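With the hints as extra help, turn the sequences into a complete structure.
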Amino acid sequence: MSKIKGNVKWFNESKGFGFITPEDGSKDVFVHFSAIQTNGFKTLAEGQRVEFEITNGAK
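Numbering (this note's numbering), first residue to last: 187 to 245.
If you are wondering where the hints come from, they were derived from the structure by calculation, not from laboratory data. Errors might be hidden in some of the hints.
[As the list claims (entries may be wrong)] Listed below are the simulated DSS-like cross-link pairs for lysine-lysine, each with C-alpha atoms no more than 27 Å apart in a straight line:
1) K189 / K201
2) K213 / K228
3) K195 / K213
Fair warning: this is a prediction, and the values are worked out from it, not measured in the lab.
So this is what it looks like as structure tokens:
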């Protein structure tokens, strides 16, 4: 699966989720803290540029 680039629309640290706006203009994508690949505290900042893959979750 190829990586997609986008920007964080918003991320709620206390709830552990948010949304990313893909740069290709497609619909916003849900992101859960468990999907963040980094060392330390897993969070995202509004406007942060990210690279991601879309997977199907439980819902």
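> Quick one, are K195 and K213 close enough, alpha carbons at most 27 Å?
Replying inline: The hint holds at about 12 Å.
> Given the hinted pair K189 and K201, is their alpha-carbon gap at most 27 Å?
Replying inline: holds, 25 Å
> Is the hinted pair K213 and K228 satisfied, with a Cα-Cα distance of at most 27 Å?
Replying inline: At roughly 23 Å apart (the allowed maximum being 27 Å), K228 and K213 satisfy the hint.
When the structure is compared with the earlier hints, no violation turns up for any of them.
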